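So the sequences go chain by chain: W and D.
In the numbering used here, each residue carries its 1-based index in the first sequence increased by 7.
In the numbering used here, each residue carries its 1-based index in the second sequence increased by 87.
Since the hints were made in silico from the structure, they are not lab data.
Owing to the predicted nature of the structure, the values given are computational and were not obtained by experimental measurement.
Misleading hints may appear alongside valid ones.
To list a few chain W residues with every Cβ distance to chain D over 12 Å, as calculated [unchecked claim]: (1) 49; (2) 54; (3) 133.
Capping the alpha-carbon separation at 20 Å, the derived lysine to aspartate or glutamate pairs in DMTMM-like fashion look like this [unchecked claim]: (4) D/235 / D/204; (5) D/181 / W/105; (6) D/288 / D/269; (7) D/221 / W/9; (8) D/181 / W/111; (9) D/181 / D/169; (10) D/181 / W/9; (11) D/128 / D/169; (12) D/221 / D/238; (13) D/288 / D/308; (14) D/287 / D/135; (15) D/221 / D/234.
Built from N, CA and C at the ideal position, the CB exists for glycine as well.
Here is what each chain is made of, one letter per residue.
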Amino acid sequence: MDALRPYAAAFSSRFLLMMQYRAAALAGFFTQCWFGAVHVMVLAAFYLGAPEAAAASPISLSQAVTYTWLAQGLLAVMPWVGDPEIADGVRTGAISYDRLRPVDPYALWYVRAAGWMTARLAPRVALMILAAGIVLPLIGQGQWAWRPPASLSAALLFALSEALAIALACAIIMLINIVVVATLNARGVNILMQPLVIVFTGNLLPLALYPDNLRTFLFVQPFAGTLDIPNRIYFGALAGQMAWVGIGLQLFWITTLVTLGRWWLGRVMARLEVQGG
Amino acid sequence: MPQILVQDLAKTYRVAERAPGMLGAVRGLVRRRWRTVEALKNVSFSLERGELLGFIGPNGAGKSTTIKILSGILRPDSGRVEIEGLVPYADRIKHVARIGVVFGQRTQLWWDLPVIDGFDLLRDIYRVDPQRYKATRDELVAMLRLEKLLDQPVRQLSLGQRMRAEIGAALLHEPSILFLDEPTIGLDAPSKLAVREFVKKLNQEHGVTVLLTTHDMHDIEALAQRVIVIGHGRVLADSPFEALRADVLAERRLFVDFAQDAPALDLPGVEVRNRDGRSLELAFDPRITSAPALIAAITARHAVEDIHVEQPAIEEVIARFYDLHGANEA
Numbered sequence: 008m009d010a011l012r013p014y015a016a017a018f019s020s021r022f023l024l025m026m027q028y029r030a031a032a033l034a035g036f037f038t039q040c041w042f043g044a045v046h047v048m049v050l051a052a053f054y055l056g057a058p059e060a061a062a063a064s065p066i067s068l069s070q071a072v073t074y075t076w077l078a079q080g081l082l083a084v085m086p087w088v089g090d091p092e093i094a095d096g097v098r099t100g101a102i103s104y105d106r107l108r109p110v111d112p113y114a115l116w117y118v119r120a121a122g123w124m125t126a127r128l129a130p131r132v133a134l135m136i137l138a139a140g141i142v143l144p145l146i147g148q149g150q151w152a153w154r155p156p157a158s159l160s161a162a163l164l165f166a167l168s169e170a171l172a173i174a175l176a177c178a179i180i181m182l183i184n185i186v187v188v189a190t191l192n193a194r195g196v197n198i199l200m201q202p203l204v205i206v207f208t209g210n211l212l213p214l215a216l217y218p219d220n221l222r223t224f225l226f227v228q229p230f231a232g233t234l235d236i237p238n239r240i241y242f243g244a245l246a247g248q249m250a251w252v253g254i255g256l257q258l259f260w261i262t263t264l265v266t267l268g269r270w271w272l273g274r275v276m277a278r279l280e281v282q283g284g
Numbered sequence: 088m089p090q091i092l093v094q095d096l097a098k099t100y101r102v103a104e105r106a107p108g109m110l111g112a113v114r115g116l117v118r119r120r121w122r123t124v125e126a127l128k129n130v131s132f133s134l135e136r137g138e139l140l141g142f143i144g145p146n147g148a149g150k151s152t153t154i155k156i157l158s159g160i161l162r163p164d165s166g167r168v169e170i171e172g173l174v175p176y177a178d179r180i181k182h183v184a185r186i187g188v189v190f191g192q193r194t195q196l197w198w199d200l201p202v203i204d205g206f207d208l209l210r211d212i213y214r215v216d217p218q219r220y221k222a223t224r225d226e227l228v229a230m231l232r233l234e235k236l237l238d239q240p241v242r243q244l245s246l247g248q249r250m251r252a253e254i255g256a257a258l259l260h261e262p263s264i265l266f267l268d269e270p271t272i273g274l275d276a277p278s279k280l281a282v283r284e285f286v287k288k289l290n291q292e293h294g295v296t297v298l299l300t301t302h303d304m305h306d307i308e309a310l311a312q313r314v315i316v317i318g319h320g321r322v323l324a325d326s327p328f329e330a331l332r333a334d335v336l337a338e339r340r341l342f343v344d345f346a347q348d349a350p351a352l353d354l355p356g357v358e359v360r361n362r363d364g365r366s367l368e369l370a371f372d373p374r375i376t377s378a379p380a381l382i383a384a385i386t387a388r389h390a391v392e393d394i395h396v397e398q399p400a401i402e403e404v405i406a407r408f409y410d411l412h413g414a415n416e417a
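Just need the whole structure built from these sequences, with the hints factored in.
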């Protein structure tokens, strides 16, 4: 119990601090409503404009719409930038203080990233459920709404898979953090990550809608586990055994990326240099 | 066995270099040139439990690098460090639980959190027993006069207030060694005094070993029994401050106001530094002429209104020392 105290404290202090930024949460929510609406309209144009192709699609229009709202509501999970606190610490030299704490450095940064992410996630996802899941059907726009999960078992598997998605995204953020520490600059790696993440998580377009010969690759690559896999479990496109395959893939990538990150951070820290004074 | 043992420490950095201007920037993209900076060439010293050591030297001399190696942040290229039987960079986690560190130019408290929340977070990060923490915290709060600051976010504190809070934060886990890297930098006079007074008390009453770097020679004068001067990555001197002063600049000054215009003086080993109407400033070496003998010699021959002896300012001593050793930053 005492062994975990530092990490629990680091997580909750970051979580509570981030929860103070209500204006940012509200602004983010409105942006995401806008992007969600645009995505939904584009998807509708595709599906309604080509009925034969739509009939052959592995996910239906209403599933694609739900996918879009999930993607917007869960946007905070997307690992497209490193933890700004680490980037800041690299610039100011405050990360030398992290080296002075009697804790595992990877775990400390990992829980901080998790606190940062979940604190941004909670208000945004609540507002999005309210807007796209409750208000839209109430005003007679139910066909464009965020639908409930396919079944109770889909809901439970989704909860597990989403928790793993957060764990996986934090492992990816840790790799970005390590690049930031190694290169002393956050801009470069953050700019590189954004297009990768938007495409390969399924945020831009559900991964099931890409050409057939890409689908296996898209399913097994690590970013799928941060959004596409839990989403497909949610509306039942991945069910039964396939749902467990998806969850297995998430576990595989978490293990691999955490191991890689721990090894790499150890190397970077061993040749850390603190510049000036 | 000393508490801190440092032997033949060496550390070099590789610094990327580029020619100035646009062309240089483009060339740097293709082929990067590296320059090696020898931060530490050969540093050795040892420290007993309960000592208070001042570490001085010009900018870039290697003081901070030494502190960063001793605190486990950096790994030296060669040499040996042992602190209470541990090698800081090899046994980092065990080692850092026993030390407290304050970097005057950086903050370890959380900018947006009230001071007390930052303290509580450090309690958990260091796994301090809650009862024990309460006692330590209350004592530190009283000694550092932090009562009114506890509820304020760190960003609202003045530099002097923040430094007091930083020092408190570094001691919540009751370390046996405290490293202070320029703790008085940028502080006003009362804040400097408060920091010095606290450090002295901590060292004398709680037996905490203190290693402090500074550019403020009054810190050294007020605190350090022992001074290490470092320059060009080497230890240039390691002695009590008074011994250093005697070696480097034994000279004293005698200020005399005469009743009439200042006379011409011709005394062995005495030099006139300044003459202004009735006043004279004389420099003499106390090892050749003692102050009482010199004063007696003057007052015997001339009517004197006022007379006093001064030591050269401590800054002057150090500047002279750096000059003698060519230690000034290039």
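Which of the listed hints are broken here? Violated: none.
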